[in-house]
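What follows is the residue order along each chain.
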Amino acid sequence: MSMKANTRQVDGIAIVDLSGRITLGEGSVILRDTVRDLVGKGNKKILLNLGEVNYIDSSGIGELVSAFTSVRNQGGELKLLNLTKKVHDLLQITKLYTVFDVKDDETAAIKSFK
Amino acid sequence: MAGKRVSLTLESTLDSVNSAEASATRFAAGAGFDEDEIARISMAVREATINAVLHGNAYDPAKKVGFVLERTRDAMVITITDQGQGLDPNKIPDPLAPENLLKQSGRGIFLIRAFMDEVQIRMLHPGTEIKLIKHVPGVAGDNKEASQ
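Chains as they are written, first to last, in the numbering used here: chain A, 11 to 124; chain B, 334 to 481.
Bound-form chain A, shown alone (with noise of 0.2 Å):
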């Protein structure tokens, strides 16, 4: 399954609902595009929803982390919604999980941003 990504906006948050596998190729552009997309027009406080993303390499992590990095460095906010079981892990496996602010309730998700 390729990976869609669909864009909204849900009170000056701009919220990404992922889908399918983030890996070497395409999976990985997608997501590079989206977010480098975001952020040129101005968009500073993004949340990924991750709930449908059964799959994700190392090359998929390294996208997280540049997306969350380029975004923290425009002085912006980039958090991370809805783990499945497989990225959760990976993300504890990596050291990574404190590093990003995940929720897991896009209520809850929204009203963190400052």
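Just so you know, not all the hints are guaranteed correct.
Examples of chain A residues toward chain B, derived with CB under 10 Å [stated by the list, open to error]:
id, residue
1, Thr17
2, Ser68
3, Gly72
4, Leu106
What the hints contain is simulated information worked out from the structure, not anything from laboratory work. Glycine is no exception: its CB is placed at the ideal position from the N, C-alpha and C atoms.
Put chain B on the given structure of chain A with help from the hints.
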């Protein structure tokens, strides 16, 4: 299934990564691993093949990736070789080190080691061979001790 062996020569392409992953998934299922272990084996194979295609052979169409799946008496063994510059196992940065934590790349070998029972990396001059071993639970001689 003991004694089964599959040997393939793959092009240095992204399609090969997906093919190797799919082959490993089917082979691991046939070897009797449970769903979680199959997922770990498949991801380790994906990461090792990415290394061979991307970092080893650098997508060079003249260079091939060797891919061997074996079911021994007590383990599934996957051997992946490339024809690149060679990866020195003693010079792989720790992705968990604070200075590396936010780097975009460098987690592949770490994940492979996390998901397999044994990982052996050998420089071929030129190229690299990586051998991934997952022991079949409950088989006599089972050894869960991980190697470096």
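query: Against the structure shown, which of the earlier numbered hints fail to hold, in ascending order?
result: Result: hint 1 breaks, nothing else.
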